[in-house]
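Peer 1: Residue numbers for the sequence shown follow numbering that gives the first Met the number 0, so the first one is 0 and each next one is one higher.
I should point out that these hints are in silico values taken from the structure, not numbers from a laboratory.
There may be inaccurate statements among the hints.
What the hints assert, rightly or not - Computed Cβ-Cβ distance ranges for the label pairs, DEER-style:
| hint | residue 1 | residue 2 | range |
| --- | --- | --- | --- |
| 1 | Thr-75 | Pro-190 | 22 to 30 angstroms |
| 2 | Asp-297 | Ile-14 | 15 to 23 angstroms |
| 3 | Ser-242 | Ser-9 | 37 to 45 angstroms |
| 4 | Ser-9 | Ala-251 | 32 to 40 angstroms |
| 5 | Thr-240 | Leu-173 | 34 to 42 angstroms |
| 6 | Asp-220 | Gln-146 | 28 to 36 angstroms |
| 7 | Asp-279 | Gly-48 | 23 to 31 angstroms |
| 8 | Ala-268 | Ser-9 | 38 to 46 angstroms |
| 9 | Ser-21 | Thr-180 | 44 to 52 angstroms |
Claimed, not checked - Pairs of lysine-lysine, DSS-like flavour, derived with a Cα cap of 30 angstroms:
| hint | residue 1 | residue 2 |
| --- | --- | --- |
| 10 | Lys-29 | Lys-99 |
| 11 | Lys-99 | Lys-245 |
| 12 | Lys-272 | Lys-164 |
| 13 | Lys-150 | Lys-205 |
| 14 | Lys-99 | Lys-243 |
| 15 | Lys-243 | Lys-164 |
| 16 | Lys-99 | Lys-164 |
| 17 | Lys-29 | Lys-150 |
| 18 | Lys-245 | Lys-164 |
| 19 | Lys-245 | Lys-272 |
| 20 | Lys-164 | Lys-46 |
| 21 | Lys-243 | Lys-272 |
| 22 | Lys-150 | Lys-46 |
| 23 | Lys-205 | Lys-99 |
Note that beta-carbon positions come from the ideal geometry of N, C-alpha and C, so glycine has one too.
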Amino acid sequence: MTTRPHTLDSSFVLIPDNPPPSGAEILWFKGTDGRNLRACVAPALSKSGPRGTAIVCPGRTEFIEKYFEVGRELQTLGFAVVILDWPGQGLSERLLDDTKKGHIDRFETFMGALANGLDQLQNRLPRPYVSLAHSMGGAIALAAISQGLVKVDAAAFCAPMWGLKSRFFGMRYLVWAMRATGRAGDYAIQPGPPETFETNIVTHDKQRWQMQRALIDAQPDLELGPVTWGWLGASLSIVDTFSKPKALNQVAIPIFVASAEEEQLVDNAAHEKICARLPDCEHVVIEGAMHEILMETDTRRQEFWEGFQRLLRRANI
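Kindly generate the complete structure, drawing on both the sequences and the hints.
Peer 2: This is how it looks when you write it as structure tokens:
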């Protein structure tokens with residue numbers, strides 16, 4: 000557990016050309032373990048009243064400020080917006096003394112954070128609820144929905160982490176051994192040289208890629224490094240959960256899933272398998288897109304938003 004004092008700062012990390020959603024503010028809430036967790040809440044702007052609340056669930060290493068553009072777009076669609084910094088990410092309280100390690104003990108900690116945030120902030124979040132979850136956030140959201148921890152009326156998933164690439168599954172025994180010998184907090188992948196746009200595997204859009212780097216340069220505490228054995232073990236466990244025969248039986252809401260054609264981080268085959276088990280699910284593959292579809296070029300992003308609008312129509316939101 001980190002011993003570093005944690006400051007409940009109500010300010011955003013601001014850089015040029017990345018304004019927060021209109022009327023947005025930082026609010027703090029408590030996770031299931033008592034840690035201080037950070038949320039951005041922005042009101043709906045529609046004069047006819049809110050369409051509902053869009054719950055933005057970022058991926059691993061991500062943070063609130065990276066999703067300002069998405070938040071503004073959701074406001075344009077009539078929604079109030081909430082964006083979360085997960086435990087151990089963004090400016091939420093970190094989990095280890097080495098704050099750069101991407102660590103979690105189990106995904107129930109993430110799921111509890113989502114449930115607690117919606118509960119503690121509910122007076123600011125008008126219904127109906129639609130979740131928009133990317134990558135690791137997609138695993139958190141699906142698990143929380145399927146287990147009844149959160150109630151949403153529709154769910155959109157962007158390159159969700161419902162399966163990992165095969166190279167990670169080959170590490171199962173090593174993951175077990177490292178956790179069993181008290182080394183869950185050690186890096187599973189050692190930090191390497193800084194990534195460049197030319198070597199990145201998440202987006203073709205240089206401006207959006209540079210925006211994330213500029214935010215980290217402005218506030219280095221936003222940065223998160225490679226994963227620990229604990230994170231990897233927890234991730235293998237949660238994706239195993241999805242494969243159980245009855246794991247998704249309670250998921251009956253309209254769902255939209257977008258996979259990236261040029262995916263290198265999560266397993267697209269898992270998207271196909273899970274979508275086939277859901278009763279009201281549309282699945283599309285965004286041609287030419289890398290993992291971070293919402294940080295991709297405008298044309299690829301537009302394909303996602305068109306699917307999102309179809310989801311809203313199916314859900315009568």
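Peer 1: With reference to the structure, classify each hint as holding or not holding.
Peer 2: Checked hints:
1. Evaluation of the 22 to 30 angstroms hint for Thr-75 and Pro-190 yields a failure: the beta carbon distance comes to about 38 angstroms.
2. Distance hint check for Asp-297 and Ile-14: the Cβ-Cβ separation is about 20 angstroms, which falls inside the suggested range of 15 to 23 angstroms.
3. As the Cβ distance of Ser-242 to Ser-9 is approximately 42 angstroms, the hint placing it in 37 to 45 angstroms holds.
4. In this structure the hint that Ser-9 and Ala-251 lie 32 to 40 angstroms apart at CB holds, the actual value being about 38 angstroms.
5. As the Cβ distance of Thr-240 to Leu-173 is approximately 21 angstroms, the hint placing it in 34 to 42 angstroms is violated.
6. Look at Asp-220 against Gln-146: about 32 angstroms separates their beta carbons, and that is inside 28 to 36 angstroms.
7. Distance hint check for Asp-279 and Gly-48: the Cβ-Cβ separation is about 26 angstroms, which falls inside the suggested range of 23 to 31 angstroms.
8. Taking the beta carbon of each, Ala-268 and Ser-9 are about 43 angstroms apart, inside 38 to 46 angstroms as hinted.
9. About 51 angstroms separates the C-beta atoms of Ser-21 and Thr-180, a value consistent with the hinted range of 44 to 52 angstroms.
10. This hinted pair checks out: Lys-29 and Lys-99 have alpha carbons roughly 21 angstroms apart, not beyond 30 angstroms.
11. Between Lys-99 and Lys-245 the alpha-carbon distance is near 37 angstroms, which puts this suggested pair outside the 30 angstroms criterion.
12. The hinted pair formed by Lys-272 and Lys-164 meets the criterion: a straight-line CA distance of about 15 angstroms does not exceed 30 angstroms.
13. Restraint check for Lys-150 and Lys-205: not satisfied, since their Cα atoms lie roughly 36 angstroms apart, outside the 30 angstroms limit.
14. Distance check on the hinted pair: Lys-99 and Lys-243 sit about 33 angstroms apart at the alpha-carbon level, beyond 30 angstroms; violated.
15. Using a Cα cut-off of 30 angstroms, the hinted pair Lys-243 and Lys-164 holds, with the two alpha carbons roughly 19 angstroms apart.
16. With a C-alpha separation of about 23 angstroms, the suggested pairing of Lys-99 with Lys-164 holds against the 30 angstroms cut-off.
17. Taking the CA atoms of Lys-29 and Lys-150, the gap is about 19 angstroms. The hint holds against a cut of 30 angstroms.
18. Restraint check for Lys-245 and Lys-164: the C-alpha separation of about 23 angstroms stays at or below 30 angstroms, so the hint holds.
19. Among the hinted pairs, Lys-245 with Lys-272 is consistent with the structure: their alpha-carbon atoms are about 14 angstroms apart, no more than 30 angstroms.
20. Only pairs whose Cα atoms come within 30 angstroms are accepted, and Lys-164 paired with Lys-46 is rejected, the gap being roughly 46 angstroms.
21. Taking the CA atoms of Lys-243 and Lys-272, the gap is near 12 angstroms; set against the 30 angstroms cutoff, the hint holds.
22. Simply put, Lys-150 and Lys-46 have alpha-carbon atoms about 26 angstroms apart, close enough for the 30 angstroms limit, and the pair holds.
23. A hinted pair counts as satisfied when its Cα atoms are at most 30 angstroms apart, and Lys-205 with Lys-99 qualifies at roughly 24 angstroms.
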